[in-house]
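Chain residues, written in single-letter form:
Protein chains: 2
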Amino acid sequence: MSPHTFTPAHAFHLEDVAAWNIETDVVIIGFGIAGACAAIDARLAGAEVAIFEVAAAAGGSAQLSGGEFYLGGGTDAQRAAGFDDPVENFRAYLMMAGGPGVDEARVDLYASHSLAHYQWLKDQGVPFKGTYLAGKWPEPPTDDELIWCGSEAAWPFRAAARPAPRGHAAQFTGRGAGKVVMDRLAGRAGQLGAQVHLSSRVLCLIADRENAVHGVVARIDGEARTVRARKGVVLASGGFICNQQMLRQYAPLALAVTGMPLTGGNDDGSGILMGLSVGGTVTHMEQFFVTKTFFPPASLVKGIFVNARGQRFINEDAYHGRVAQYAIRQEGGRVWLLVDNATFGRPHSFPAIPIAAVGETWAEVEAELGLPEGELQHTMEVYNRHAAAGADPLFHKEPEWLQPLTEPPFAALGFGPQDYPAVTFTLGGLQTMPKGEVLDATGAPVPGLYAAGRVACGIPRWGDGYSSGMSLGDSSFFGRQAGRSAAAVLRAG
Amino acid sequence: MSPHTFTPAHAFHLEDVAAWNIETDVVIIGFGIAGACAAIDARLAGAEVAIFEVAAAAGGSAQLSGGEFYLGGGTDAQRAAGFDDPVENFRAYLMMAGGPGVDEARVDLYASHSLAHYQWLKDQGVPFKGTYLAGKWPEPPTDDELIWCGSEAAWPFRAAARPAPRGHAAQFTGRGAGKVVMDRLAGRAGQLGAQVHLSSRVLCLIADRENAVHGVVARIDGEARTVRARKGVVLASGGFICNQQMLRQYAPLALAVTGMPLTGGNDDGSGILMGLSVGGTVTHMEQFFVTKTFFPPASLVKGIFVNARGQRFINEDAYHGRVAQYAIRQEGGRVWLLVDNATFGRPHSFPAIPIAAVGETWAEVEAELGLPEGELQHTMEVYNRHAAAGADPLFHKEPEWLQPLTEPPFAALGFGPQDYPAVTFTLGGLQTMPKGEVLDATGAPVPGLYAAGRVACGIPRWGDGYSSGMSLGDSSFFGRQAGRSAAAVLRAG
Chain A
1 MSPHTFTPAH
11 AFHLEDVAAW
21 NIETDVVIIG
31 FGIAGACAAI
41 DARLAGAEVA
51 IFEVAAAAGG
61 SAQLSGGEFY
71 LGGGTDAQRA
81 AGFDDPVENF
91 RAYLMMAGGP
101 GVDEARVDLY
111 ASHSLAHYQW
121 LKDQGVPFKG
131 TYLAGKWPEP
141 PTDDELIWCG
151 SEAAWPFRAA
161 ARPAPRGHAA
171 QFTGRGAGKV
181 VMDRLAGRAG
191 QLGAQVHLSS
201 RVLCLIADRE
211 NAVHGVVARI
221 DGEARTVRAR
231 KGVVLASGGF
241 ICNQQMLRQY
251 APLALAVTGM
261 PLTGGNDDGS
271 GILMGLSVGG
281 TVTHMEQFFV
291 TKTFFPPASL
301 VKGIFVNARG
311 QRFINEDAYH
321 GRVAQYAIRQ
331 EGGRVWLLVD
341 NATFGRPHSF
351 PAIPIAAVGE
361 TWAEVEAELG
371 LPEGELQHTM
381 EVYNRHAAAG
391 ADPLFHKEPE
401 WLQPLTEPPF
411 AALGFGPQDY
421 PAVTFTLGGL
431 QTMPKGEVLD
441 ATGAPVPGLY
451 AAGRVACGIP
461 RWGDGYSSGM
471 SLGDSSFFGR
481 QAGRSAAAVL
491 RAG
Chain B
1001 MSPHTFTPAH
1011 AFHLEDVAAW
1021 NIETDVVIIG
1031 FGIAGACAAI
1041 DARLAGAEVA
1051 IFEVAAAAGG
1061 SAQLSGGEFY
1071 LGGGTDAQRA
1081 AGFDDPVENF
1091 RAYLMMAGGP
1101 GVDEARVDLY
1111 ASHSLAHYQW
1121 LKDQGVPFKG
1131 TYLAGKWPEP
1141 PTDDELIWCG
1151 SEAAWPFRAA
1161 ARPAPRGHAA
1171 QFTGRGAGKV
1181 VMDRLAGRAG
1191 QLGAQVHLSS
1201 RVLCLIADRE
1211 NAVHGVVARI
1221 DGEARTVRAR
1231 KGVVLASGGF
1241 ICNQQMLRQY
1251 APLALAVTGM
1261 PLTGGNDDGS
1271 GILMGLSVGG
1281 TVTHMEQFFV
1291 TKTFFPPASL
1301 VKGIFVNARG
1311 QRFINEDAYH
1321 GRVAQYAIRQ
1331 EGGRVWLLVD
1341 NATFGRPHSF
1351 PAIPIAAVGE
1361 TWAEVEAELG
1371 LPEGELQHTM
1381 EVYNRHAAAG
1391 ADPLFHKEPE
1401 WLQPLTEPPF
1411 AALGFGPQDY
1421 PAVTFTLGGL
1431 QTMPKGEVLD
1441 ATGAPVPGLY
1451 AAGRVACGIP
1461 RWGDGYSSGM
1471 SLGDSSFFGR
1481 QAGRSAAAVL
1491 RAG
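So the protein lines, in turn, are chains A and B.
FYI, the numbering for the first sequence is 1 to 493, going by this note's numbering.
FYI, the numbering for the second sequence is 1001 to 1493, going by this note's numbering.
No lab work stands behind these hints, which were simulated from the structure alone.
Do not take every clue at face value.
[Claimed, not checked] Covered stretches of chain A, as calculated for chain B (at least 3 residues, CB under 8 angstroms):
| no. | stretch |
| --- | --- |
| 1 | 140-147 |
| 2 | 275-289 |
| 3 | 363-369 |
| 4 | 429-441 |
[As the list claims (entries may be wrong)] Selected chain B positions facing chain A (Cβ under 7 angstroms, derived; list incomplete):
| no. | residue |
| --- | --- |
| 5 | T1131 |
| 6 | R1162 |
| 7 | T1283 |
| 8 | L1394 |
| 9 | H1396 |
Just so it is clear, the structure is predicted and the values come from calculations on it, not from any experiment.
For glycine and all other residues, C-beta sits at the position ideal for the given N, C-alpha and C.
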């Protein structure tokens, strides 16, 4: 190609393509979970597939995850453990979890195909043990499969949908089952004949003057190469937690609170910019996942979080990411987890957590934290009095986690911005149809362009409603939709 | 022109323009305050100007406003009333008011030119009386000029910048000085020779294949006409509070809480779509203004707001829009304003407000509202005890507004979603340079395209930090920048 400066934000003009260096049916940008699943289903539909991955290996951010899929509707693992979770019940949870901007059509498709998708994952070789692990875990420390992984059993979700565990983790002993998931899915895509280009950055889309997408320019072995996509291009390149400029423009709060982005390192937003370059639009860009995982030990869930006014602000048995969302909204993000001698522990995820105050009475802790006199004492008196009766009239924490905090010494664990770095990733992205078509500002599909995974805005689109496994569940399922939609395109050469 | 379906989301191709029906230097879309000020300064710079306004008259949403401009830096009105507000102090307030995504360059330009802009407004004929009205008013009920119109005197803003009143209202007796403002500014634009096309909808931009903007297609007298802009097009068409689809995509919470959009009726987002159609990008689209004005009577500021847990959640002397932002975030948006016999009144803006509970004791009110037993009583005991000493250690309400609520009967005014409809408008919009250039995803200007007012994202970009007068101040000042930037363009025909 002639010398040219490429940027993902500007599509290269089809008319300026002198020759195609590579031709295929479906180009997939990114070999994380969305890209792998798009490749598998596009190949199964008979399309030629070429995947371009900027990293030197497949896996994306999914391989750093706990390998959990948020599934329901009565999976074998759910049934074996005695949980009844009909599709309609699963759907009700997802509707609440989607928040004020929930995408009902997307939820319907996902909920009604959850069982089939679960089987599909097994068919691709993802191992699931079928066993249930009781308790409250961010991810299984064992090789068990089914765990509680969101706010299912917590108010107000338990009022919207009958509680059921829905975290289906791949079989792997210890944390990090995401690696097993990606080994299997990426391997399967390769077995099925997807052409994989590693260490290959897609520089921009190639589009005609009507913004229809016909291919990409990719840097392969240091050379800019034109790649024709006869059927379509699938963006599966991840979110934008690594892109400071985009965070400033779209999610300044995420930028402000981020201590530790959860990413394989290439969530640079380039796929979103490519979508914008051909008239795609974005949605929910301000939304993000944030957490400061505070259990195990599960005894810490029996503690209470308070802000700088000594007030509680959430039921502590909600999903740890929901707790973190509420925490960052408190004045200055200054919050503490209060525990007594019976419940004390250090979060396994962050044992270096500072102990901000210790006392033989809650009045001492209140004074040491510099809280307004009497407020923490009141909060604690009310909490303990009701907890002793198994009730939490203010925040509706479940009885299982209610235990009066009355055994000295008492302690305050620091969960403020300076205490415990927040883990984040972005939830906003391109506006798409459930089947993967990227939509322009008229609500019409951009011809030839599909997107799935965190480059798009999917099922998880509200930080307050996130549950572990939603991103893998969404990215794998909607990655498949995008791959199949692209593979089904018939268009004149 | 040949038959064609136009949509603001797709630019018409320059190559397809057979002939120009109208030619001018600068096309301005929208004859609200941003458009009028853009027209004035573009004319003063010597450019030919044509304004297209979809309504049958000039005025836009600004004419429904209180006609207040948020200005500082030591205006004559501030000095006459004895307030010292150096530019650096004014700037400090605006920086906090901009929130986590504050645009420092924009704040710098605005703060440092505030005095000159104020003089400019006077030069255009906007009348200001120069007098100060003490107290707390959403807008002056008299023809006075200077009022406290934000959170200047309230925590935490008073800690960031020395308090000073900055609402400069045009002279007009009673509410609605926006009409005076728009009569003068629109009249001035006409006097200066701007060509005004009323009842004329701009259908889309006209752009070349590199997305440079060369004009617009406008429907004039029922006919689609091509309009050439030799220098540039200024989008000044307002926000998107009237566009349900855009609210769903970008600001679902605004859609959920809106009872009464504050709009002249044409804030349909079409200007934002036009910007997107040529590669512009958006920012802060989820942010919006919301209020349920609860004073006058000012005695109500001495009441306290509580949520469904009986907790206070804000210092009640903060700006009414900031109070509303906090209110809508409380569980279910269920909040009440609690007053005693000495402070009782009905908000002048909404005298039909429901009285949700009345009692001879706060315990009775607590029970009637169905709050958790003892919580409101505790809240009130703590508040009253400290208020008697002139302090509010929890929320830092200023002593002026602290008065124990101890004189029965006691009442709870309903401020929930069903009680009092929220007034809203959008704050997100196109990403622009302070001088008005619309920016694409690379951060580069879209040639020939400028934007100001609520079609762009300006000084007010954080609902929690809004003050009355910020939108008029921003729209008038940055409208001028956009008009002058467009007028200064030199390009080959």
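Checking C-beta pairs, does the stretch 140-147 of chain A have three or more residues closer than 8 angstroms to chain B?
Contact hint for the stretch 140-147 of chain A vs chain B: violated, 0 residues under 8 angstroms.
Given L1394 of chain B as an interface hint, is its Cβ closer than 7 angstroms to any Cβ of chain A?
Where the cut-off is 7 angstroms and the nearest Cβ of chain A is about 5 angstroms from L1394 of chain B, the hint holds.
With a cut-off of 7 angstroms, does the beta carbon of R1162 of chain B approach a beta carbon of chain A closely enough for the hint to hold?
Hint violated; R1162 of chain B Cβ to chain A Cβ min 22 angstroms, cut 7 angstroms.
Within 8 angstroms of chain B's CB atoms, at least three CB atoms from the stretch 363-369 of chain A: coverage verdict
violated (count 0)
Hey, does the H1396 of chain B contact hint survive, CB to chain A under 7 angstroms?
10 angstroms, violated
Restraint check, 7 angstroms cut-off on beta carbons, for T1283 of chain B near chain A:
This hint holds: T1283 of chain B lies near chain A, its Cβ roughly 5 angstroms from the closest one there, short of 7 angstroms.
Restraint: T1131 of chain B near chain A, CB-CB cut 7 angstroms. Satisfied or not?
With a minimum Cβ separation of about 37 angstroms from chain A (threshold 7 angstroms), the hint on T1131 of chain B is violated.
Coverage of the stretch 429-441 of chain A by chain B, judged on three or more residues with CB within 8 angstroms
holds (count 3)
Would you say the stretch 275-289 of chain A counts as covered by chain B, given the rule of at least 3 residues with C-beta under 8 angstroms?
Holds, because 9 residues of the stretch 275-289 of chain A bring their Cβ atoms closer than 8 angstroms to Cβ atoms of chain B.
Hints 1, 3, 5, 6 and 9 from the earlier list are contradicted by this structure; the remaining hints agree with it.
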